[in-house]
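**Student:** Sequence:
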Amino acid sequence: MAYFNKRETAVPVRVTTALMGVLLVGLAGCTAPLRPSSSSDQSGSFDQPGRGEPIRNFPYKAGIDFAHLENDHADCEVAASQRVPQSMSTQSMPAYTVPEQTLCNQFGARTVCRQTGGQVTGGQVYTIDVNAPARRQVYELCMTHKNYQFVTLPACSRGTDLSTQGKDTVLGSFSSSTCYQVFSSGGFAIGED
Numbered sequence: 739m740a741y742f743n744k745r746e747t748a749v750p751v752r753v754t755t756a757l758m759g760v761l762l763v764g765l766a767g768c769t770a771p772l773r774p775s776s777s778s779d780q781s782g783s784f785d786q787p788g789r790g791e792p793i794r795n796f797p798y799k800a801g802i803d804f805a806h807l808e809n810d811h812a813d814c815e816v817a818a819s820q821r822v823p824q825s826m827s828t829q830s831m832p833a834y835t836v837p838e839q840t841l842c843n844q845f846g847a848r849t850v851c852r853q854t855g856g857q858v859t860g861g862q863v864y865t866i867d868v869n870a871p872a873r874r875q876v877y878e879l880c881m882t883h884k885n886y887q888f889v890t891l892p893a894c895s896r897g898t899d900l901s902t903q904g905k906d907t908v909l910g911s912f913s914s915s916t917c918y919q920v921f922s923s924g925g926f927a928i929g930e931d
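Counting from 739, one number per residue, gives the positions in the sequence shown under this note's numbering.
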């Protein structure tokens, strides 16, 4: 099991949930440096740890510690950003106008008409980085050249307590029982279910 925490330099090392989320969000778009996940650059498909959801496309390499993972991530992110710069495009959703209708009813000498429709839906304007998919491919290729594999890390089952397992500071071999657990202290561990 690997414990990570950027705040401590002694063993065990633990990654805080926020920092892990930042790493995952940064990896997702390969455009933003590691920073809080509240940034507007959340263009990826990474889940935040701690929700019980699997973490998809996690860069995994047996025998590596978090400092090396973070270094390799930054190197590949910079390389991808340099090779495939942002290209922002402003686009809009199609707009639709509900056709207008006038319905009239006659009551004796009196005619009552009701008009419906005319509402416009859609038409929202948004900005997208059209190079994000290509930059993601360059990032993944760079990490693959550094011998990382992109895996899905499931949350450990409720009965698993990774805090009682060994306190390694490096990732072990990946297997079908590899999972992650977030602790109430904010620490994040990867181990075996």
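Hints in this document: simulated from the structure, not taken from any laboratory. Hints are not guaranteed to be accurate.
To be verified - Here are the simulated distance ranges between beta carbons:
(1) T865 with Q887: 30 to 38 Å
(2) S827 with V850: 47 to 55 Å
(3) S914 with Q875: 39 to 47 Å
(4) G856 with H883: 28 to 36 Å
(5) I866 with P792: 42 to 50 Å
Cβ coordinates follow ideal geometry from the N, Cα and C atoms, glycine included.
**Student:** State for each hint whether it applies.
**Tutor:** We went through each hint and held it up to the structure:
A C-beta distance of roughly 33 Å is found between T865 and Q887, which places it inside the suggested range of 30 to 38 Å. Judged by the Cβ atoms, the range 47 to 55 Å given for S827 and V850 holds: they are separated by roughly 49 Å. Taking 39 to 47 Å as the suggested C-beta distance range, the pair S914 and Q875 does not conform, at roughly 27 Å. The supplied range of 28 to 36 Å is broken by G856 and H883, whose beta-carbon atoms lie about 58 Å from each other.
Remark: the range hint 42 to 50 Å for I866 to P792 is contradicted by a beta-carbon distance near 26 Å.
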